[in-house]
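Given the structure of chain A, go ahead and fit chain B onto it with the hints provided.
What follows is each chain in one-letter form.
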Amino acid sequence: MYDIVIVGAGIIGTLMARELSRYRLKTALIDKESDVANETSMANSAIVHTGYDPEDGTLKALLNVKGAEMYPQLCRELGCRIKQTGAYIAACGEEEEAHLEILADRAERRGIEYAWLSNEEAHIQEPNLSDHVTKVLDFPTTCVIYPWEVAIAAAETAVKNGTELYLNHACTGIDRTETGYVVHTKDRDFDTKMIINCAGIFADELYAMVGTPDFEIRPRKGEYYVLDNTVHFVKHIVFPVPSAKGKGVLAVPTVYGNTLIGPNSDFSDPEITTTAEGLAYVRENITKTLKNIPLNMSIRTFAGLRPSGSRGDFIIEEAKDAPGFINIAGIESPGLASAPAIVEYAIDNLIRPRTALEINEDAVMTRERPVVMSELSEEERTEMIRKDPRYANIVCRCEQISEGEVVDCINRPCGARTVKGVKKRVRPGMGRCQGGFCEPKVLAILSRELGIPMTEVVLDAPDSHILIRENR
Amino acid sequence: MMKKYSAVVIGGGSAGLAAGITLKENGIEDVLVIEKDDMVGGILNQCIHNGFGLHTFKEQMSGPAYAERFKVRAEEVGLNIKLKTMVTHIHEDRTIEYVNPQEGYVTIQADAIILAVGCYERNRGALAIPGQRPAGVYTAGQAQRYLNIDGYQVGSRVFILGSGDIGLIMARRMMLEGAKVYGVAEIMPYSNGLPRNIKQCLEDYDIPLYLSHTVTNIYGKDRLERIEVSKVDEKLRPIKGTEMYFDVDTLLLSVGLIPENHLGDEAGIAMDPRIKGPSVDENYMCSIEGFFACGNGLHVHDLVDYVTLQAQRAAMGAVHYLKNGKPQEKECRVMPGKGVLYTVPNRIHPHNIDKTVEFFFRINEPVDEAVITVRCGERVLRQVKKKYLVPSVMERMMFTAKQLADIDGDITFEMEAVSHDE
Chain A
7 MYDIVIVGAG IIGTLMAREL SRYRLKTALI DKESDVANET SMANSAIVHT GYDPEDGTLK
67 ALLNVKGAEM YPQLCRELGC RIKQTGAYIA ACGEEEEAHL EILADRAERR GIEYAWLSNE
127 EAHIQEPNLS DHVTKVLDFP TTCVIYPWEV AIAAAETAVK NGTELYLNHA CTGIDRTETG
187 YVVHTKDRDF DTKMIINCAG IFADELYAMV GTPDFEIRPR KGEYYVLDNT VHFVKHIVFP
247 VPSAKGKGVL AVPTVYGNTL IGPNSDFSDP EITTTAEGLA YVRENITKTL KNIPLNMSIR
307 TFAGLRPSGS RGDFIIEEAK DAPGFINIAG IESPGLASAP AIVEYAIDNL IRPRTALEIN
367 EDAVMTRERP VVMSELSEEE RTEMIRKDPR YANIVCRCEQ ISEGEVVDCI NRPCGARTVK
427 GVKKRVRPGM GRCQGGFCEP KVLAILSREL GIPMTEVVLD APDSHILIRE NR
Chain B
174 MMKKYSAVVI GGGSAGLAAG ITLKENGIED VLVIEKDDMV GGILNQCIHN GFGLHTFKEQ
234 MSGPAYAERF KVRAEEVGLN IKLKTMVTHI HEDRTIEYVN PQEGYVTIQA DAIILAVGCY
294 ERNRGALAIP GQRPAGVYTA GQAQRYLNID GYQVGSRVFI LGSGDIGLIM ARRMMLEGAK
354 VYGVAEIMPY SNGLPRNIKQ CLEDYDIPLY LSHTVTNIYG KDRLERIEVS KVDEKLRPIK
414 GTEMYFDVDT LLLSVGLIPE NHLGDEAGIA MDPRIKGPSV DENYMCSIEG FFACGNGLHV
474 HDLVDYVTLQ AQRAAMGAVH YLKNGKPQEK ECRVMPGKGV LYTVPNRIHP HNIDKTVEFF
534 FRINEPVDEA VITVRCGERV LRQVKKKYLV PSVMERMMFT AKQLADIDGD ITFEMEAVSH
594 DE
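The listed protein sequences correspond, in order, to chains A and B.
Reminder that position 92 of the first sequence reads as 98 in this note's numbering, one-by-one numbering, no gaps.
Reminder that position 185 of the second sequence reads as 358 in this note's numbering, one-by-one numbering, no gaps.
These aren't lab readings, by the way, just hints derived from the structure by calculation.
Remember, it's a predicted structure, so these values are computed and weren't measured experimentally.
Wrong hints could be hidden among the right ones.
[Unchecked claim] Ranges of calculated distance between the beta carbons of each label pair, as one might list FRET restraints:
#1 B/L514 <-> A/T178: 54 to 64 angstroms
#2 B/D266 <-> A/R475: 48 to 58 angstroms
#3 A/I130 <-> B/K372: 56 to 66 angstroms
#4 A/E103 <-> B/E589: 51 to 61 angstroms
#5 B/S592 <-> A/E101: 50 to 60 angstroms
#6 B/H264 <-> A/N298: 20 to 30 angstroms
#7 B/H262 <-> A/G168: 36 to 46 angstroms
#8 B/K257 <-> A/R194: 40 to 50 angstroms
#9 A/D193 <-> B/H264: 53 to 63 angstroms
All C-beta atoms, glycine included, are put in the ideal place defined by N, C-alpha and C.
Bound conformation, chain A alone (with noise of 0.2 angstroms):
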């Protein structure tokens, strides 16, 4: 009997796993994917929002200036990189210029840092901004993270806690016990007192299956480009003034040197795909506010789904029909900023009173940084190889990552199954060559530490095999 059971392994589910492992409780932790932070976590903006824009008296206001305020501690505490970039929110006009003033009030007001630039100033900062911008509000303290970076090592530390994970567990039912739920998947059955609801774009379906939704997901499609990080395109994050649509298409310039662009927003078509009309819209509206923009140097595209709720703001709360059945949905932008925040607000209002959190003096809550070759000293390196030469024999040559670096990827805690879930993790495969390079090696060291033949070894999904059969 589990205490507790968390549906979906995003950046919500791995943080409150984390968190959870704290006390003395069983908890699973479960996804249908393959890896963790595998859908909306895995294909968003990266960017921790201050707090400006959420409209007063909203959670995502309330929750969305406490979680930018946590993550530099929690990014401490997990290892995990995070870079402060600011950003610019770029008016083109004096109508444009009149909502900045909205803006700055709320920062004003939530104690949010914020300076006003000039036309001139903003452009010898950012000079690729566009020569229609007349007037920039700069937000200095926005950082940006890598998103699944966060919920892996929150995943990990969870799983060191205790905490069991399951992947390529879907969930396919819920029924009711006397003491609380069993939730069905098809390999295993899980008996818990709890749930609670992190299915991101799922939300709506999972609450379907013990009760009846107050509210729906209506996925909203969102379409970037990558740009090669010998780009040196923007230092800040450049928004357009948000408008009713969202917040625009933006550039930003993510913690490890590539550049995004985008994204659009699109509910009529909720697949992750890439189309050839979304990246039209993303190309034409980068223009608003830069110029000069080198899409040429574009080495991937990808397409991630916001969980829009159709309450406007975020809902935590417990299912008023299904006592127990935690409901965390609706969490779009600044859904990724917040995050820390939710955790911390539904634990408090909605888990504590209902079950006794006895601190588990035993729960380690940091996880040490896994050994980055090249972010160490020549020293720290000359003796990382002298312990295991492996980290001197070099496998992705874009992004200069070692075989060493691989095999610790794959038997961690939480660890890499898949050569997505290596890519995740070490980055093999996310620079210009796009794994073109590295792919087979990737390959050979994952069949090597898993005991699975080469053809076993999958790119994502259990029936995602890259190579079909042993040649004769």
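Okay, now just chain B, sitting in the frame of chain A:
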């Protein structure tokens, strides 16, 4: 103490081996070749088809056989090669940082550096093909490696995007391995592969070539299930209503090769955007003194024989530099004019030419007959008529030092199609 070499060659593929051997043969004793893989030969090792060496050895051989000749010669001349060694950085002062499991991170100093770093394949990311992201989409060279080096089949129902040579060769290779190849789509109205490969790899196997077509959607959540192929207009935009669907589990991309120059970029070596490789002079010297470039890391070749030839010349350039230093005279640019995509070298020092200089260039569209004009300002240096020119085949033209001795400005290569309408 930092170890010093007269010459260091980065890359032990066809270009690097030829360059290293030539250096040794010409009296440079302390030469080091650095290779990232566990064997030399580079991409030749996976090119098990015939067709290599016609120019160099006057016989047809496979890629590994061609590489073997150079391996044997490298041993004969006592070429020093470090395997499984990755160069991580190079610097303007000709220091080189590398790493390998035996030595860890090491910095060495070279008097001359020859970049023979090869190229990488354009991939789905660069093309931004819409659709899902299933397994089953490979670059042609990646699939070739899985098949010929690792010994695994990647799929059974295959479509190929792009008529580059690796794609054409893989079409035949997949057929021979029992897969079914449904077709090759080429966005241009002409093939980008060598004519002999169109004949031997597609026509001989009844594989259709769809010119002016491209892949416009990819379907499949786990493994590739289906692709959409559309005709394109003259601006290469897909035409609505022309969609065809192929239920395939494998899509190979053979859509171009790009010289891999992050090392050179980082060192500040000037690139020629037309070739995406370093700008080089008559001795294959880059914009920074003492750096030389050759092979597919300089510009993408269609024949390995020319890789060998240019690598030997780059090595001779390095030998010349080690003896005489850098040329002191002003350089003249060599520019592609109308109808020409690029020239290599793209600049010369007219009085530094040792006997001859050969220009390699590509034209920008297929023509039945054309006049190639090489001029310096108003002055025509050479004018020749040529037949059956295609962009996929590199053209060459040799000049003697004497012919260029009194050049006083930029040289331009132009191609004009000869019309037979009247």
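Now for the hints, and whether the structure bears them out:
no., hint, in the structure
1, B/L514 <-> A/T178: 54 to 64 angstroms, "58 angstroms, holds"
2, B/D266 <-> A/R475: 48 to 58 angstroms, "51 angstroms, holds"
3, A/I130 <-> B/K372: 56 to 66 angstroms, "59 angstroms, holds"
4, A/E103 <-> B/E589: 51 to 61 angstroms, "55 angstroms, holds"
5, B/S592 <-> A/E101: 50 to 60 angstroms, "57 angstroms, holds"
6, B/H264 <-> A/N298: 20 to 30 angstroms, "29 angstroms, holds"
7, B/H262 <-> A/G168: 36 to 46 angstroms, "44 angstroms, holds"
8, B/K257 <-> A/R194: 40 to 50 angstroms, "44 angstroms, holds"
9, A/D193 <-> B/H264: 53 to 63 angstroms, "55 angstroms, holds"
No hint from the list above goes unmet by this structure.
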